[in-house]
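Visitor: When you get a sec, could you build the whole thing from the sequences and use the hints?
Chains as they are written, first to last, in numbering that gives the first Met the number 0: chain R, 0 to 310; chain A, 0 to 289.
Read the hints as simulated data drawn from the structure, not as lab findings. One should not assume that every hint holds.
To be verified - Under the rule of at most 30 Å between Cα atoms (straight-line distance), these lysine-lysine pairs were calculated in the DSSO-like manner:
| no. | chain 1 | residue 1 | chain 2 | residue 2 |
| --- | --- | --- | --- | --- |
| 1 | A | K243 | R | K67 |
| 2 | A | K138 | R | K67 |
| 3 | R | K67 | A | K84 |
Note that this is a predicted model, so its numbers are computed, not measured.
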Amino acid sequence: MNADSTAPNPPLRGAARPVPLFSPGRVATIASGTVTQLVRMKTFYFLLAFALVVVAVGNFNLPATPAKELSMIKKVSFGTMDLFAWLFAIVATALLIPRDQEDRTLYTILSKPVRRIEYLLGKLCGVLVVVGVSLVLMYGICATMIGARESLFVSAEIEAMTANGGYSQEEIDEQVGLIRQQGLRPELGLAVLASFLKAAVVAAVTIFLSTFASSSLFTIIVSILIFLIGHAHTMASSFWLHSSDNSLFVQMLVKVVKILIPDFQLYSFSEGIIQGEVVAYALVGQMGLVTAGYLAVFLLLSLLVFVDKEF
Amino acid sequence: MKRLFQKIPRILPVLVLLALFGLLRGPVEDRLREDLVSAKLLTPPPAQGAFEQMGQSALMGTLGGLRSLVATFMTLEAFDHFSTKSWDDLRQSYQIITALEPRDETHWVSVIWHLGINATANMEIDERLPAFERERRFKEYAFQAIEFAERGIEQLPESSAIRIQLAEVYREKLKDDCATSRVYGDVIGLPDAPGYSRRFHGYFMARCPGKEKEAYAYLMALYGEGEQQHLPTLIKEIKNLEEKLGIPGPRRIPDADPDRPQKAPRRPPNLLPGDILVPFTREDLRRIGG
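Guide: Right, here's the structure in full:
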């Protein structure tokens, strides 16, 4: 008897492993693919423009006190940083899904055991990684400029006050303290975080819009409009109500806008930090939680539209 | 169930979820906004007048969340107005800047300085205008500076820098000693009050008609604090008040009038011309010789 004939036949293919409902690994793979995709679009070139803005502002020679000049450098740098962050979040996110559809990567990805939520989350995480890295690089450029100007101002002020001879050490320290208050402080990192949180919400809103939009241009325009309304509605509503004598129609409209559109103005808390106010860490933490809420809800909304979308 | 889910238009659950989230986050965000404003991290919305005065670009920038960027660029624009001595445009720019960033003390100080000191100084020397017009504009700019200062103090009640700049306008341009003294008096006790504010309050009170007695008591109290307060201006002002109020000799301060030329100290008799000190005097020589 042949021994081979009694042995059970080995299975031709291994048994299919069950696909987990959610895999962080798959999300990370899509996110890293998104980062590569965005880097290949030469997105980091805008850092050159940012560096130019910072260098230009750092070299303005205004008849202002050193503290005021530092404050001006900070405001322009952080304002530009914030502008780049939200604009980049909108444009990059709006381009991703249509681009995947165009070059048919989307079909390849979705034909594999990848959940649609994983695809959306991966895309969002990829955009956020690029926004985060850009913000850190921009902060590095800005911090170098602020630090250099601060040390220059401090040494010039000490030299001038010492040469005058009429100032006590206490007065010199007080004057230097004024400059240092507007200089490079660790709290400025939280202003960068505020811009990042705002950009994250903007990206989440944009990804939701791009799930049903017909073109990238539509997504970009509508996202920018939503951003502007989200920034302005708190400011504009009181003005609008006042000019319309608190009309019921305006009141209702204001309420609807407030309910449907995120309040981006809250993220302007970075302005206080930049101006040297004391940071309330608990409030920053609460803003982080609100942002997490926005991200979760807008991802869920995106999934609702995207879950059974036919391509 | 899946079929039912597919039959419902997708817009419905999206709107319901969006509305529910909006209703939930509304009160949380309102409370958070109040906390951020009271922690001075968030600036309250600009006054309604500011919106009306803003240009299109500034308005768009402000509504687009670039409030501080807009304020900074408007500061540069204001500097341009300062360079061309366009004082009315400068005032207009600062109306918006201070509405956008009412908590930035430097904006208030700058506009008071520009209008109260620079614009008024320009009116003192601008030969292109007739004298009457110059005088009228001088007062107009000075009063505009005071108005800005009052609004700035309303926004930042603890600011000593705004008050010091205001005092400078009263002191240097309007020559109003009573108002100068009052403003320096307001500075005393504020967190960043400079050390000289107490003395300046007294100096200008001494020159304010009708306040002489109060000023004398105040300056004497300062004088009584010790040697560190015995500064030439303090002594001079006390001496002036002693004269004005007819303070009797024994109650007057012993210090010499700092403005009166000091008598040269008597040379020691044994110090020869050329500062040569000898161990004997002329008296000794006479005695020996005699």
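Visitor: Each of the hints needs a verdict: does it hold here or not?
Guide: Status of each hint after checking the structure:
Between K243/A and K67/R the alpha-carbon distance is near 45 Å, which puts this suggested pair outside the 30 Å criterion. Restraint check for K138/A and K67/R: the C-alpha separation of about 28 Å stays at or below 30 Å, so the hint holds. For the hint pairing K67/R with K84/A, the CA-to-CA distance comes to about 21 Å; that is within 30 Å, so the pair holds.
In summary, the structure is inconsistent with hint 1 from the numbered list given earlier, while agreeing with all the others.
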